[in-house]
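Visitor: Residue strings, one per chain:
There are 2 protein chains.
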Amino acid sequence: MATKNWKDLVAEKRERQLSQIPKEWIIKNLPPKETLNVVDFPENCGLLTEKEVEITNTGVDVLLENLASSIWSAVEVTTAFSKRAVIAHQLVNCLTEIFIDRALRRAAELDKHLKSTGKVLGPLHGLPISLKDHIPIKGIEMTMGYASWVGRYSDKNSAIVDVLEACGAVLFVRTNLPQAIMWAETFNHVFGRTLNPFNRSLTPGGSSGGEGALIALKGSPLGVASDIGASVRIPAVFNGLYGLRPSYGRVPYAGCINALEGQEAITFVLGPISDSLEGVKRFMKSVVNHNPWIMDPKVIKKPWNEDEYRLVGHGAGQRLCFAILWHDEIVLPHPPIMRALEHTKQALLAAGHHVVDWKPLKHLEISNVYKILSAGAKEDFLKVTSSSLEPIISTMDPSVDYETSVPSDLPPSRMMVDGVSAYEFWQTQKQRSILRQEYWDHWNATVSMTGTGRPVDAIISPCAPYVAPPHGLNRNINYTVICNSHDYTALVLPTGLTVDPILDVPKPSHKFFSTMDRANYELYDPAKFKDAPIGIQIIGRTLEEEAVIAMGEIVDSAIKAKIKPPTASL
Amino acid sequence: MATKNWKDLVAEKRERQLSQIPKEWIIKNLPPKETLNVVDFPENCGLLTEKEVEITNTGVDVLLENLASSIWSAVEVTTAFSKRAVIAHQLVNCLTEIFIDRALRRAAELDKHLKSTGKVLGPLHGLPISLKDHIPIKGIEMTMGYASWVGRYSDKNSAIVDVLEACGAVLFVRTNLPQAIMWAETFNHVFGRTLNPFNRSLTPGGSSGGEGALIALKGSPLGVASDIGASVRIPAVFNGLYGLRPSYGRVPYAGCINALEGQEAITFVLGPISDSLEGVKRFMKSVVNHNPWIMDPKVIKKPWNEDEYRLVGHGAGQRLCFAILWHDEIVLPHPPIMRALEHTKQALLAAGHHVVDWKPLKHLEISNVYKILSAGAKEDFLKVTSSSLEPIISTMDPSVDYETSVPSDLPPSRMMVDGVSAYEFWQTQKQRSILRQEYWDHWNATVSMTGTGRPVDAIISPCAPYVAPPHGLNRNINYTVICNSHDYTALVLPTGLTVDPILDVPKPSHKFFSTMDRANYELYDPAKFKDAPIGIQIIGRTLEEEAVIAMGEIVDSAIKAKIKPPTASL
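Those protein sequence lines, which keep their order, are chains Z and F.
Each residue of the first sequence is one higher than the last, beginning at 1 in full-length UniProt numbering.
Each residue of the second sequence is one higher than the last, beginning at 1 in full-length UniProt numbering.
Hints should not be assumed to be uniformly reliable.
[Stated by the list, open to error] Quick list of in silico lysine to aspartate or glutamate cross-link-like pairs, EDC-like style, CA-CA up to 16 Å:
1) F:K298 to Z:D487
2) Z:K298 to F:D441
3) Z:K119 to Z:E109
4) Z:K301 to F:E306
5) Z:K383 to F:E424
6) F:K383 to Z:E424
7) F:K302 to Z:E306
Just so you know, these hints were derived from the structure itself, not from any lab.
Make the full structure from the sequences, and use the hints.
Guide: Here is the structure:
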């Protein structure tokens, strides 16, 4: 491994990355820095043909149909998304590895296969899929945001790569993440900072921020992200997308790399981000039906369960009872979030479902359990960074310039606390298990208030107490971390709403739950969050992927029905 | 909790235990200490009526039938097993809590229910079930072998107790275990040492040694044991019984108490011990069909899968391929074990199955992973024992008398090593995950040698490199711990064989794998192990409970067919 200085390694890597981009795809007329919303730029920049615009604006289900019926070839589709991904990258800096040549060779093979056999290779035949930069592909460099790892090439595929390729997918780019994957924003010394395409002064979130920004710009129809506290869901919600945090043991993680290896209490799970719920569903169904437990002993033998998808066990979805978590008694969400929750409530009532309030239980204690990650983090980070002397990232504040700072001037990192003993670590794990059981009992007890004879079918919750905030300010993951601690399945949905300076005026001050709550209140100004999408999170119970996706479809339809004005009959 | 001296607490508790035994059940003509094999004593001691002998000699399936059809009442069955349990206790010291009054009240209610409704309460209606002494029952004292915990009464049921009672079981006694449940023998300061009923100079194993000894004497038809390294399987095999170590997340553990709480890498799983395979099956089927995931969030939602039990996925059981692990390359098993493996092999071949050799992979490294348990054990044990100053058990050698020893004279405990940091602990967990993946791949790769088109269906392995050894000498759990590390389902079967001084003569010395191997070789003398039963272990993959039970039935039948001489036709 490298023993060069980190700045040299970064320079070397950036040059190599630039060489992966076809020269003719370099945009000359990029919008100026001051242009915050760049969502429409790819379609209008002139690099994409009309057909390429059409292909990249198409959802996963129709893409797969058109690929299967040879209306579009895999090469065409791969080319279109590759071009748009490269455009996106120039706007928001979302890519790490770019391997379009490999992808086009693969696409050509798929086209040949379809032509010669008349059959698709698998359920994802020809679909371009992007991957977060900790999912190894044989022969491709992977740094995971560490300068120390520049020059590290993977010697084998991760299990998910094998599964996706066996299903017919075309892998074409990997995407940016924070150093060590340990932040809910996206910045590292190797690739720099990823921006939010709806408003480049805002963060796309993290740790799967590259995926979020890329897919929002339609540079990929489907991405493989991962979640250890927020990392699928925050980038999905901040970029107006769908994203799923599956339970542990559903999607194979074998062969992936991350920091804090051996910490097995709260671990990464891979999950999809897509601009359609169909994309999320196709990913999950394809992966779990490919017997991933054969390659990964930690995967539970559970193929896609169509009964669960039909909501057997949830009254066949006829009259569901949702519970809304308006706030977690730690931090009150900003006005746009509250409006989206109310909007969702009205949509669900209009669709004939029950809606009750969710009473939070010990969310502050649950968030404290997250110290599981810092129990041995310092030793872990120091071990990796010592070879290149790269600074350990301790803030996402863009005013801090790590390249010119004296290390001692940097703010202290919250993860760089002294480690604890195994015995102390066990006490935190024990506390987590107790809280998980209590929450489970709390959920079961809602059977008395739903009127359905069942406990609450799903919780609808904010993902964060704000929409995408300015860079450096995404510090609260309490609304998402509960699903990692308690292993709940959670789906993020966009509501179709964005921050509206008229509807989302600041509210009068309330009695603050905490200093964090006060700081959050003071942060709010609708102008700051211009154009930011607003999403919500649907939380189901452990291993309820099928049911949560099905309930997501119900909520999604209800919201869309409410937004769409009735069309006049012709 | 108690702050009295441990000897006072023990005296108090023993008196209370004695008071739980009906006076008329105290045996006057107990066999002398020198009588080693006491298996036949209960039937011949005169305390049991002829009908009680018949009832207690009956297997679980017929017991349940006779209970359901009111041939025997629950009160009759409970009385019979209670009496036999109390006899067993006087022979081998296997019980901790004895709550026969509670059990008889419960049995009477069940009889009333059946009479008034014509229906059984559940699939275990009227069946007496014993429990290891770390499974709380509301209102009943539970010490878990700690003098410090004398006087501690449980304020609620564990989940498994709720499930079993809802299924109609009658809980009647709890059984002995080692202090802190951390040994593969059964001795603690509160209740003393449990003996092996086949040869009281031998250990019944542990940590569920009380269950093993009790069930071998037919003082209970079915017991709930638990396994963190060997603890269901060693007592099952040393006492000639059936026992299952299910995978994590199948049987609810919520509400149980153990040492090292918060250590969640290698944890206890509850599993049944019975003198029939039908008992094991009925337990598993009843429990997993009672939706235990509703009460315990760590349980996987997987009801009994009849397809898996019919061995769909294993060629419908028609021509299975078993692999025999003859030795683990650490310690060569004693001659009786090798004979039982060969016997099993011949039986399976005669029944038309394939048998190949299993190549062990890094078993020594796997056994080293077990240091996960000692990473914080010292602090844990000291915290509990400090209130009563009871000595921490550091050897099972019966010549060490803790009641009279000066603490500094006691040998050092292998668990009382200094704890490690969370970071170091993570490195061991990481190593365990790597080894687990390697073994999984190794197993998958056997597809090339089975001739069935599938990888090996199950591994047949020793449970230990010896049959039940003399007290203090059961120090090797390498043959069982692999299933806890790798989360394999494992079933113990008796072979019907016992140690035979003519067939099991010592072998010439071999090239030793290790000093442990040499010591094990030198230990062997068939006379020492007189009457000890010989069993084997069938290892299936993660969450394969149904398939492993079904394959167990196949192996069991094959062995029984081989042993039984063909009956002459009339």
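Visitor: Are any of the numbered hints broken by this structure? If so, which, sorted upward?
Guide: Hint check: nothing fails, all pass.
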